[in-house]
Structure formats: structure tokens, C-alpha cells
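Participant: So you can see what is in the structure, the chains are spelled out below.
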Amino acid sequence: MAYSDKVLDHYTNPRNVGSLDKNSDQVGTGLVGAPECGDVMKLQIKVNPSTQIIEEAKFKTFGCGSAIASSSLATEWVKGKTVDEALQIKNTDIVKELSLPPVKIHCSVLAEDAIRAAIGDWKKKQAANSAAPVAVEAKAGN
Amino acid sequence: MSATVSNNGNHNDIRLPIYMDNHATTPVDPRVLEAMLPYFTDRFGNAASRNHQFGWLAEEAVETAREQIAKLVGASAKEIIFTSGATESDNLAIKGVAEMYREKGNHIITAVTEHKAVLDTCKRLEKYGYRVTYLPVMKDGLIDLDDLKRAIDDKTILVTIMAANNEIGVLQPVAEIASICRERGVLFHSDAVQAVGKVPIDVNQQNIDLMSITAHKIYGPKGVGALYVRRKNPRVQVAPIIDGGGHERGMRSGTLNVPGIVGLGKACELCMQDMPQESKRISALRDRLKDKIMGSLDEVFINGSLEHRLPNNLNISFAYVEGESLLMGINDVAVSSGSACTSATLEPSYVLKALGTGDDLAHSSIRFGLGRFNTQAEVDYVAERVVETVNRLRELSPLYEMAKEGIDLKKVAWAAE
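Protein sequence lines correspond, in order, to chains A and B. Residue 402 in the numbering used here sits at position 78 of the first sequence; the count goes up by one each step and never skips. Residue 438 in the numbering used here sits at position 99 of the second sequence; the count goes up by one each step and never skips.
Keep in mind that the hints were calculated from the coordinates and are not lab data. Just so it is clear, CB atoms sit at the ideal spot from N, CA and C, and this is done for glycine as well. It is possible that some hints are incorrect.
Only part of the chain B face toward chain A is listed, based on derived beta-carbon distances under 7 Å [what the hints assert, rightly or not]:
{"hint": "1", "residue": "G468"}
{"hint": "2", "residue": "V471"}
{"hint": "3", "residue": "L474"}
{"hint": "4", "residue": "E661"}
{"hint": "5", "residue": "E663"}
{"hint": "6", "residue": "G695"}
{"hint": "7", "residue": "D699"}
{"hint": "8", "residue": "H702"}
{"hint": "9", "residue": "L735"}
{"hint": "10", "residue": "A752"}
In silico DSSO-like links for lysine-lysine, alpha-carbon gap of 27 Å or less [claimed, not checked]:
{"hint": "11", "chain 1": "A", "residue 1": "K449", "chain 2": "B", "residue 2": "K743"}
{"hint": "12", "chain 1": "B", "residue 1": "K692", "chain 2": "A", "residue 2": "K346"}
{"hint": "13", "chain 1": "B", "residue 1": "K692", "chain 2": "B", "residue 2": "K619"}
{"hint": "14", "chain 1": "B", "residue 1": "K743", "chain 2": "A", "residue 2": "K370"}
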């Protein structure tokens with residue numbers, strides 16, 4: 325099974341590896357997959373609260389080359405998009421971009437799930453904060 | 340296609356890519372190839388042509404090969420049947436005994452860590468009404484002899500247990516298993532594909548009744564193998580699975596692959612000659628590889644018994660790093676992995692699973708199979724690349740990050756898809 329050049333590129337030069345502060349209000353963290361499945365992706369986004377634009381994204385992945393490439397690509401794509409725009413990203417777009425073979429399609433699905441999970445986590449935090457305005461002000465020093 | 344790398348601190352240049360997957364297959368030894376060639380060109384006769392020189396020369400070569408193989412395993416030449424390889428030998432042994440001894444019983448015992456050639460054959464026999472017991476293995480990969488004793492009943496006709504495992508290199512206690520079988524009047528077959536030529540085998544000392552051998556794991560060509568079938572004490576019979584002319588004493592019809600057989604014979608002869616020194620040399624290389632890797636990385640686990648193991652095998656799990664991504668990172672080294680991502684079926688290694696290794700560690704495993712042509716310089720290079728790649732991938736790994744934070748990964752509620 326030969327890897328596509330793009331997969332190799334993302335594997336050798338992964339974009340946006342690392343972590344954001346998961347305790348920050350502006351950060352949404354998605355952790356999907358399971359070690360028993362051989363695939364775990366952590367994808368984090370930092371969202372500008374007023375514009376809802378994803379300003380930063382970071383990932384870490386335990387998985388094969390295609391999984392690493394899919395999540396690396398996901399962080400590239402979400403950056404600069406609004407949260408709602410990022411929700412439009414489909415796994416099929418990732419498959420196409422990376423030329424993933426059929427056996428690796430599930431890697432792209434997991435990456436899409438990771439994006440949704442990160443956004444979901446961020447949205448939950450926003451909802452919790454709007455329900456407790458006092459708490460938001462207290463954290464304003466973040 | 341090959342690049343040369345100068346290894347600092349070692350005078351040998353290495354040619355890339357490096358092949359360390361000798362359990363999958365081996366290169367044909369130049370001496371083997373040389374022995375085979377005349378049988379493609381001048382001496383191309385059919386070994387069954389009884390009436391002319393072309394046939395006689397071919398037959399002579401086949402009989403020489405038979406002797407060479409028999410000698411390596413302590414058998415007599417008449418007990419060696421040629422096949423197309425170990426898969427066929429396994430099929431012939433198991434189905435052949437099952438059919439021949441049907442009146443005596445219909446129960447077969449094997450182990451969960453056997454090669455698919457054995458497991459799938461047993462599954463097929465189950466469809467025909469045979470009962471099969473799949474013995475579990477202990478954490479070190481060995482079967483429990485008491486489990487075997489308990490499993491044998493008055494309908495058992497065959498026990499089939501491999502001498503050495505292809506994934507983890509673990510050596511089963513073949514002589515003890517055979518002696519239990521002898522006591523109970525049950526035939527014992529061993530798939531000895533990975534063991535022959537690497538560790539001493541003697542079918543009489545070890546009381547083996549049937550044994551599968553292949554050429555391509557011992558520096559011979561693909562497409563040829565043999566089945567040892569005992570003729571005395573007891574006399575074993577197998578029904579053929581291929582009909583058509585009655586070659587090989589009626590046990591395996593079909594024109595003999597003379598060049599292949601010559602290759603198999605020569606490969607066995609070379610193993611016999613080289614085994615004592617070669618085992619020592621390769622075992623030292625394997626230990627060097629192991630020590631370098633384990634000396635530079637933490638959370639690294641050997642799969643299977645180190646004590647009862649082939650001298651050339653190393654199967655290691657690297658926690659928090661997935662196998663296929665590791666293989667990609669050492670793409671100038673040929674090895675294999677127990678990870679689901681590297682298998683056609685997306686299932687992790689069933690052998691590692693049988694050891695009780697968690698799926699996560701099965702996904703993180705790499706199998707190194709050292710061989711006759713590997714050098715110390717290659718081992719050093721590979722160790723360095725592995726350590727470097729594992730470290731890099733751990734930086735990318737959310738599991739490593741969580742472990743370093745003190746999180747017990749076994750307690751996490753994963754949101755698996």
C-alpha cells in the first residue's frame with residue numbers, strides 16, 4: 325500500500341502539533357477514538373469569542389500515517405473558519421484531499437468527529453458561561 | 340533503488356532499504372540459486388520420466404534433496420514428501436490424517452496461536468463434522484501441558500502445534516507435547532516452518548509424527564516445501580488431498596518442481612552446515628537490537644517468552660505509538676507490525692491478543708526478523724531509527740501526553756466511534 329504524497333507530507337511535517345490550554349474558555353477540546361481501536365485523536369481549537377473565528381488549532385494523534393495526516397489536515401482547514409463553517413467540513417473532503425484508499429476512510433471519519441467534538445466542547449463552555457455571567461467575569465483574566 | 344549510508348563508528352557501509360522481515364520470507368541464498376539453475380536449463384527433465392537421461396538426472400537431484408532435508412531433521416529420505424509449500428503441507432497433514440483416521444475418531448487439538456494454514460484448515464474440518472479444540476496460551480505464549488492432557492479424549496486423532504511461532508518467535512515444548520501424544524496414542528503434527536534450520540529438530544528424539552517444512556523461510560525459493568510423514572513407530576498414513584498420478588508414494592500427485600526441490604535441499608544442507616555459528620551470531624545481533632532499543636526508551640515491552648524463543652525474533656510493543664505510523668517513520672527498514680492498520684482485515688494480531696496483550700499494545704507492536712544477511716551495522720542503524728521515530732511519534736501522541744500527566748489510560752471513558 326503506497327501512501328499518497330500528501331499523506332507522507334503531513335506525516336513528515338505535521339502541521340499544528342501540540343496542545344492548547346484545555347481549561348481556557350476559548351478552547352474547545354475533542355478527544356475521539358480509543359486505544360483498543362488503534363486510533364485516538366485529540367483536536368483543540370481556540371475561538372475568538374466575538375467573531376467566532378477559529379484562530380488557533382492544535383492536534384495530537386495516536387494512529388497510522390493516514391490518521392495523523394487526516395487530523396493534521398483538519399487543523400489546517402479549521403483555522404480561519406468560523407465555528408459554523410468548520411462544521412461543514414466533511415470526511416469525504418479529507419478523503420479526496422489526501423487520496424485515502426477505502427481501508428483508510430475511517431481515519432477521515434474520526435478526524436471529522438474530532439472537529440465536531442472540539443466545537444461541541446467549546447459550545448458547551450459558551451452555554452455554561454452565558455448561564456453564569458458572574459463566573460465569566462471572574463475568569464476574565466484568562 | 341538502494342542508497343548507501345556510512346555508519347559512523349562502523350566500517351561497514353549499509354545498503355538501504357534494510358530487510359529485517361525474515362519471518363515473512365527470506366532472500367534466496369546465492370549458493371541455493373546456483374544449485375537450482377541447471378534444473379531450469381540443461382537438466383530440465385521431469386523426475387517421473389523413467390526412460391531417459393533427462394528424467395534420471397532430475398530424479399537423482401530430487402533424491403539428493405530428499406536426503407538433504409531428511410538429514411536436517413533426523414528423518415529418513417523415504418519419509419519426506421514434496422509439496423508446494425507449508426500451507427499445502429499443513430493441509431495435507433491435517434486433512435490427510437482426518438480422513439485416514441476417521442474410523443478412529445474425529446477430534447483434533449490445536450492452539451489459538453497457530454498459523455492460518457492450520458487454523459483455517461481446522462475450521463474447514465469443523466464444517467465436515469470434526470470437533471476441534473483450540474488450546475489457549477499463557478502470557479509467555481506457551482501452551483499449558485496440563486490443558487493438553489485434559490483436552491485429549493478417546494476420539495482424539497491428531498494434535499497439531501507449531502514448533503515456533505511466526506509472530507513472536509516463541510518455541511513450544513515440542514518434545515513434551517509429543518510424548519504426551521505418544522502416551523495417549525494420538526498423532527502429533529508440528530508446523531515447523533519457522534524452526535527448521537534455526538533450532539535443532541530431530542523427529543525421532545522429539546517423537547514428531549508429521550512435520551511441515553518450507554523453503555522460502557530458510558533462504559530457498561518460494562513455492563516449494565515438504566511434509567515429513569513418519570514410517571515407523573508408528574507408521575503414519577495420510578490420505579492425499581491432490582489426486583492425479585500417485586506421485587510421492589500416492590500422497591501427493593503432480594509433477595515435481597525439480598528446481599524448487601533442489602533449492603529446498605540445498606537450503607537445508609546450508610542450514611545444517613551453518614546453524615551452530617549462525618544461530619549464535621544472529622542471536623547476538625537480536626540481543627544487541629533489543630538492548631539498544633530498550634536501553635534508550637521507556638515503556639517498551641517484549642511480546643512472548645524471551646527464554647523459549649527463536650534466536651532471530653524480536654517482537655516489541657512501544658506504548659503510546661501506533662505500529663503503522665512507526666513503520667512509516669522507519670520506511671527504509673522492512674519489518675512488520677501487529678497493528679490492525681497493517682492487516683488486510685483491520686483486525687489486530689490474534690497472536691498478541693492470545694497472549695493477553697491489550698489491543699492498544701497489539702497496535703503498537705513491531706516484529707523484527709533478523710536473518711543470515713543482516714549485519715551489526717544494520718542493527719545499529721535500525722535501533723537508532725526506531726528510537727528516533729518512537730520519540731518523535733510520542734511527541735505527537737495524545738496518549739503519551741495523558742500518561743505523562745499521570746492519567747491512567749485504562750480508566751478513561753473513550754468516546755470510540
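Participant: Indicate, hint by hint, whether the structure satisfies it.
Facilitator: Quick rundown of the hints versus the structure:
Using the Cβ-Cβ criterion of 7 Å, the hint placing G468 of chain B at the interface with chain A is not satisfied: the shortest such distance is roughly 36 Å. The closest approach between the C-beta of V471 of chain B and any C-beta of chain A is roughly 28 Å, which is over the 7 Å cut-off, so the hint fails. The closest approach between the C-beta of L474 of chain B and any C-beta of chain A is roughly 25 Å, which is over the 7 Å cut-off, so the hint fails. Given the 7 Å rule on beta carbons, the hint for E661 of chain B holds: about 5 Å separates it from the nearest Cβ of chain A.
This hint holds: E663 of chain B has a C-beta 4 Å from the nearest C-beta of chain A, less than the 7 Å allowed. Because the smallest distance between the Cβ of G695 of chain B and any Cβ of chain A comes to about 14 Å, over 7 Å, the interface hint for this residue is violated. Taken as an interface hint, D699 of chain B checks out: its beta carbon lies about 3 Å from the nearest beta carbon of chain A, inside 7 Å. Here the hint on H702 of chain B is kept, as its CB sits about 4 Å from the closest CB of chain A, short of 7 Å.
With a cut of 7 Å, the hint placing L735 of chain B at the interface with chain A holds, because the nearest CB-to-CB distance is about 6 Å. With 7 Å as the threshold, the beta carbon of A752 of chain B stays out of range of chain A, its nearest partner Cβ sitting at about 10 Å, so the hint is violated. Annotation: proposed proximity of K449 of chain A to K743 of chain B holds, straight-line Cα distance about 26 Å (limit 27 Å). For the suggested pair K692 of chain B and K346 of chain A, the alpha carbons sit about 35 Å apart, so the restraint of at most 27 Å is broken.
Restraint check for K692 of chain B and K619 of chain B: the C-alpha separation of about 30 Å exceeds 27 Å, so the hint is violated. About 23 Å separates the Cα atoms of K743 of chain B and K370 of chain A, which keeps this hinted pair within 27 Å; it holds.
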